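Residue strings, one per chain:
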Amino acid sequence: MATARVSGVPLASERADAAVFSTEHRLTGLNLLVAFIALALGGLFGVMQALQYNGIDLYKPIAPVLRGGYYQGLALHGVLNVLVFTTFFIIGWLTFTTTRSFGIPLASRTLGWVTFGVMTGGLLIAALPLLLNNATVMFTFYPPLKADPFFYIGLTLVVVGTWLLLANQVMTLRQWRAANPGVRIPLAAFMSIVTMTMWVICTFGVATEMLFLLIPWSLGLVQGTDPVLARTLFWFTGHPIVYFWLLPAYISWYNFIPKQAGGKLFSDPMARVSFILFLILSTPIGLHHQYTDPGISETWKLIHAIFTFGVFFPSLLTFFNVVASLEHGGRSRGGKGWLMWVFSLPWREPSFTAQVLAMILFAFGGAGGLINASYNINLVVHNTSWISGHFHLTVGTAVTLTFMGITYWLVPHITGRKLWSPPMALAQAWTWFLGMGMFSHWMHQLGLMSMPRRTAIGAANYMQPEWQPLLPFVMIGALIMFVSAILYYLNMIMTITAGKKEAVPMAPFARAISGPEDSPRVLDNFKPWLTISFILIVINYAPTLIRLISTTPLNIPGMRSW
Amino acid sequence: MNQKQLGYLFEIAWILPSVAVPIAFLVAIVITAFAVGISVPGEAGRVDPKTLNTTAPFDKPGLRELAPGRYEAVITAQLFNFTPGELEIPAGSKVTFIVTSRDVIHGYKVENTPINMMIVPGQISRMTTTFDQPGEYYVYCHEYCGGGHHLMAGKIIVTPAQSASSGR
Ligand code: HEM
Ligand SMILES: [Cu+2]
Ligand SMILES: [Cu+2]
Chain H
0 MATARVSGVP LASERADAAV FSTEHRLTGL NLLVAFIALA LGGLFGVMQA
50 LQYNGIDLYK PIAPVLRGGY YQGLALHGVL NVLVFTTFFI IGWLTFTTTR
100 SFGIPLASRT LGWVTFGVMT GGLLIAALPL LLNNATVMFT FYPPLKADPF
150 FYIGLTLVVV GTWLLLANQV MTLRQWRAAN PGVRIPLAAF MSIVTMTMWV
200 ICTFGVATEM LFLLIPWSLG LVQGTDPVLA RTLFWFTGHP IVYFWLLPAY
250 ISWYNFIPKQ AGGKLFSDPM ARVSFILFLI LSTPIGLHHQ YTDPGISETW
300 KLIHAIFTFG VFFPSLLTFF NVVASLEHGG RSRGGKGWLM WVFSLPWREP
350 SFTAQVLAMI LFAFGGAGGL INASYNINLV VHNTSWISGH FHLTVGTAVT
400 LTFMGITYWL VPHITGRKLW SPPMALAQAW TWFLGMGMFS HWMHQLGLMS
450 MPRRTAIGAA NYMQPEWQPL LPFVMIGALI MFVSAILYYL NMIMTITAGK
500 KEAVPMAPFA RAISGPEDSP RVLDNFKPWL TISFILIVIN YAPTLIRLIS
550 TTPLNIPGMR SW
Chain W
0 MNQKQLGYLF EIAWILPSVA VPIAFLVAIV ITAFAVGISV PGEAGRVDPK
50 TLNTTAPFDK PGLRELAPGR YEAVITAQLF NFTPGELEIP AGSKVTFIVT
100 SRDVIHGYKV ENTPINMMIV PGQISRMTTT FDQPGEYYVY CHEYCGGGHH
150 LMAGKIIVTP AQSASSGR
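Going down the list, the sequences are from chains H and W. Residues in the first sequence are numbered from 0 upward in steps of one, following numbering that gives the first Met the number 0. Residues in the second sequence are numbered from 0 upward in steps of one, following numbering that gives the first Met the number 0.
Hints may be right or wrong, so weigh each one.
Distance ranges between label pairs, derived from CB positions [as the list claims (entries may be wrong)]:
#, chain 1, residue 1, chain 2, residue 2, range
1, W, Thr82, H, Trp112, 47 to 57 Å
2, W, Val26, H, Met339, 52 to 62 Å
3, W, Asp131, H, Trp337, 44 to 54 Å
4, H, Trp337, W, Ile14, 14 to 24 Å
5, W, Ile14, H, Met339, 25 to 35 Å
6, W, Ile14, H, Gly336, 20 to 30 Å
7, H, Pro422, W, Ile14, 34 to 44 Å
No lab work stands behind these hints: they were computed from the structure. These numbers were taken from a predicted model, which means no experiment stands behind them. We put the CB at the ideal spot given by N, CA and C, even for glycine.
Input sequences plus hints: build the corresponding full structure.
So, in structure tokens, the structure goes:
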């Protein structure tokens with residue numbers, strides 16, 4: 000079966016690529032390695048949580064190693080999966096897409112190594128208190144729960160490290176522009192730079208929270224803090240972070256999947272417009288995570304709700320463009336009819352199948368997201384297990400399964416070893432889809448029955464009889480995902496250590512039916528978009544932040560309650 | 000029509016509903032928020048958690064009848080319970096919940112009602128609802144607050160209307 004060998008690129012040029020981009024390959028590979036080690040450990044805790052719901056407590060046997068039980072495990076699950084796995088994968092992946100799309104190496108490879116070094120150093124610093132049960136504050140680290148200062152310092156370093164990639168991208172863009180005057184920025188490079196730009200803008204929130212509130216407070220330099228101010232700064236970053244996770248998956252869906260499907264991207268201009276809209280609209284909507292918070296006015300919550308619906312628009316553009324590209328692929332492969340073309344798609348290709356299955360679950364995640372965003376309807380679901388059900392469809396599947404799908408061609412390409420077992424990879428994609436579909440469905444249901452999230456339900460003194468019959472299904476979904484994870488890691492370890500040595504080409508960039516020549520040039524000029532983005536952020540955040548900061552007594556002491 | 004023109008046509012055919020659908024959702028929200036009156040917590044003032052015992056109304060947590068069928072429930076949340084943990088009210092009562100925390104962030108969700116609030120030290124959370132159906136309503140702390148978080152719950156008992164205060 001032709002895994003990742005969709006291209007007709009001759010192998011000689013493939014070897015030349017490997018030589019030109021050897022450092023980039025190594026950087027990408029190392030980032031992916033850290034990412035997937037994190038996911039392996041993080042995923043394990045997920046399964047343990049689902050077992051705990053059903054009264055199977057695996058925390059006692061591991062207590063000599065991890066003293067913190069369910070909640071320490073949950074903190075690790077959140078931090079490892081959505082902070083470490085995502086961030087490291089994305090930095091590795093965007094290093095790859097930026098340089099291969101421009102066709103030139105990173106402007107500064109030294110900076111590339113510094114980026115990886117700062118991030119990894121930060122990770123190690125933050126990992127220690129987490130593992131010692133001194134940072135069981137979840138991945139949201141809301142004060143006044145007070146963690147060991149190294150936890151905050153380490154995470155801050157990880158974020159600062161990521162900023163360096165944008166600097167490198169901009170330098171690389173300059174070099175490329177000098178050599179290619181007047182040429183449109185290639186789509187994948189354009190999207191990679193937009194993603195990092197959005198990320199750097201939005202991390203202003205969490206960086207401010209860390210540097211001015213949490214770090215000095217955890218070091219004992221100041222006595223008190225302000226939880227609502229901290230939450231507001233956290234969610235300033237915390238909503239756009241979901242686009243930081245999603246856009247790299249979209250980069251694969253826009254730039255590789257159309258070609259993997261056997262066709263072309265439907266519209267390059269529409270793709271560029273959607274990314275510019277994400278850049279502008281991702282940040283000024285973070286209050287939608289704080290609908291139920293005291294101390295923030297309903298008016299600003301409602302305004303953020305309205306803008307949140309605005310960001311639904313580029314999401315629908317993406318949906319249309321990607322599905323139209325799939326249809327083009329299906330028809331190019333001889334598919335006919337209104338819908339029968341779906342069956343002509345290359346379903347035997349694991350990389351393709353994993354990502355399309357990720358898209359299907361994402362459609363449900365998106366629909367649920369509309370409900371979460373809906374201001375007062377959110378009251379029904381906020382902080383129930385509905386929310387856990389929701390983001391396992393989005394970040395847990397749309398993002399994670401897409402990233403896994405990417406590795407089915409990317410890892411063979413950068414290691415020069417063929418994928419060990421394509422059938423096993425196919426089975427992995429389907430089991431993840433099935434397991435997550437089940438898990439998430441029942442978590443949504445339980446949420447509608449008010450089951451709280453972030454809770455060791457198996458030990459709760461208020462277990463409801465109507466929850467009980469559904470909990471085993473949550474566990475079955477989790478166990479199916481566990482099988483899927485084993486299939487994934489076995490396949491990857493065998494590929495890296497025992498895969499057939501062979502120069503494997505990268506998945507080629509898709510061409511577009513309607514190409515960049517049809518899109519306005521102003522899209523390639525970042526200045527106007529950055530200006531609009533900045534203005535919207537100021538309008539939507541300044542009144543709330545200024546009021547919170549100017550009235551804060553900064554008098555809430557920290558505590559350790561775990 | 001060539002392929003490109005056809006493509007533009009499809010794009011427009013998709014873009015229009017993509018704008019219309021979010022707008023329809025928004026209209027529904029605004030109507031329920033302002034006409035039906037289901038809204039979210041807002042600014043209800045700050046309070047110092049260290050002096051709650053001497054600060055009204057939190058110096059006397061509990062249920063107060065303001066007028067026939069109109070109540071105010073003053074509640075404090077702390078590791079790992081609510082004070083008071085149980086409230087009893089007659090069906091048909093309209094209750095305003097006024098809640099704050101003594102220590103860390105907690106949650107306050109009353110099942111089968113719109114009451115769903117974050118309880119933050121230093122801040123007052125306030126929401127109002129009417130309990131029409133008699134029965135037991137569990138109250139869950141739905142924000143991780145520490146090692147005993149899964150033990151933190153309360154109860155609201157809504158008694159049939161006739162057994163309650165006169166005049167109804
Ligand atoms: C083996 C597969 C997985 C299983 C069985 C699983 C299970 C769970 C369960 C049961 C919870 C809810 C815990 C609670 O609210 O008390 C949870 C929370 C969570 N999961 Fe997963 N999960 C899995 C994979 C993932 C993946 C791949 C991601 C993201 C990349 C992810 C991200 C999260 C996050 C962010 C939370 C919330 C943590 C918090 O509330 O602080 N999970 N998971
Ligand atoms: Cu959000
Ligand atoms: Cu709690």
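Hint check:
Between W:Thr82 and H:Trp112 the beta carbons are some 56 Å apart, a value that agrees with the proposed interval 47 to 57 Å. For W:Val26 and H:Met339, the Cβ-Cβ distance of about 37 Å falls outside the hinted range of 52 to 62 Å, so the restraint is violated. Distance hint check: the CB atoms of W:Asp131 and H:Trp337 are about 48 Å apart, consistent with the given range 44 to 54 Å. Between H:Trp337 and W:Ile14 the C-beta distance comes to about 21 Å, which sits within the given range of 14 to 24 Å.
For W:Ile14 paired with H:Met339, a C-beta distance near 26 Å keeps the hint of 25 to 35 Å intact. One distance hint, 20 to 30 Å for the beta-carbon pair W:Ile14 and H:Gly336, holds here, with the actual separation near 25 Å. For the pair H:Pro422 and W:Ile14, the beta carbons lie near 41 Å from each other, so the given range of 34 to 44 Å is met.
Hint violations for this structure: number 2 only, all remaining hints satisfied.
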